[in-house]
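Novice: For reference, the chains in residue letters:
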Amino acid sequence: MNLAHLHLIMNHVPTVGSVAALGLLLLGYARRNEHLKHVGLEVLFLIALLTLPVYVSGVAANHELRNRSDISIDAVRIHQDVALFGFSWMEFAGFIAWAALWQWRRRGRAAKGMVPAATLLLMMALVVMGRAANLGGEIHHPEILAGGTPAPAGDPNRFVTSAITQVAVYSHWAWPAAETIHFLGLSLSLGVLLAVNLRILGAMKQIPFADLHRLLPWGMLGFGANLITGMFFFVGQPAQYTSSAPFYWKIIFLVIAGANFLYLTVFGKAWGPFDEAQGRRSGGANAPFHPNVADKAMAILSLTAWLGVLYAGRMLPFLGRSF
Amino acid sequence: MRESPSVWAFPTVLTLHTTGMGMLVGASWLLDLRLLGINRNVPLSGYRWVFPVVAIGLIVNLVTGVMLFIKNATTWGTALPFLVKMGLVVVSAATILPIRKLVLRSGADQRDAGGAARLLAIASILAWTGAVTAGRLLAYLVV
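Residue numbers (the numbering used here), protein chains in the order written: chain A, 1 to 323; chain B, 1 to 143.
A few of these clues could be false.
With the Cβ distance kept under 10 Å, some of the chain A side facing chain B (calculated, not the full set) [said to hold, decoys possible]:
{"hint": "1", "residue": "Pro-176"}
{"hint": "2", "residue": "Leu-201"}
{"hint": "3", "residue": "Ala-203"}
{"hint": "4", "residue": "Ala-210"}
If you're looking for bench data, these hints aren't it; they were derived computationally from the structure. In this text, a Cβ means the ideal position worked out from N, Cα and C, and glycines have one as well.
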């Protein structure tokens, strides 16, 4: 099995998963059921997370198959370009969904407009992902081309992926600047996640858990910066990563860590009971916190996964071929 | 380290240096943001956890940093980005001392840190950002 197989196994996740999340959200609207919307947002976040390995394995498949004569490289490149747009819409929707879930946990409801925004972004992602999936099908499903229409040829100089590679290769400052932001984002995320997870594990007991938990959006900010800069590296110089073992470890750790982040976000024990007068859940010393064994196991998993992301990322130049 | 027969020695030291950086800079930033007024609902005393985290990060990075420097002493010793980085590390580490005094002295419910603390916080954020930037550029500007 190679990464092309992995891509074929996973490639329906973004489209089918989006339909499922969208269905839950629309059903939530139709039945005026907030709980369904909440579940829809959670599914949306997980699908956005799983879209990462789908995109990455697709680029790896491209590098494995590009020299085969029975495959149209133009069809592959168009598919890859549209998939990058679909991926971007999907991640955008995922971030908004996360913000809505965060507000939900904190205030008992999401801020006005957040859930509709996530729903609209998801629709957009689904449309673009559907187009990407269709173009992907044309790579090796000649039966779809029954009408005899060849895959539309694109101008390689006008692909967004090519433009990003141009910047990554020829700009003197873009790569170092992105690396710097990547390290700053790492610091922000690691600082927050260490504090929150170590508190769950029993450190710093005198500090109310809610006071640390409320820092999570800063961790997400660092993660967002690192997703953008990280994708710049990957799209800019994919050959450095597609055959790199630590890169795949990093992606696996990232998916685990991301799922754990969702758990931490919707974590029921983070905040005290809902305070009607303040219009939000009570925090600070009014929110007693008693983590159980499962919570501690999740905290250990979270720390392991994040340190795994860091370690695998740092090993990229040594075990892989990147710089 | 360079003579170490293990191919793991150098990357492991580098990873520890990065982890220490994350602890040190991340925790410092969160406290600086609080001093600037973010998360005002949390009393200053709720940020005492920052100091042990910063201390551990500093110690780890001092040790690993010396190891990394020894490997490249001949080129880094006179390289501008390295000297800038060292200067900024000293400045940002120095800002934590008055900040620490201020936070440890704050009452159980004290919310406002005062104008001097805000200046210190801005200096700390800028100096750490600069130190990380200079450190990263070291890899590109100095061979």
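Novice: Just pull the numbers of the violated hints for me, sorted ascending.
Specialist: Violated hint (a single one): 2; every other hint is consistent with the structure.
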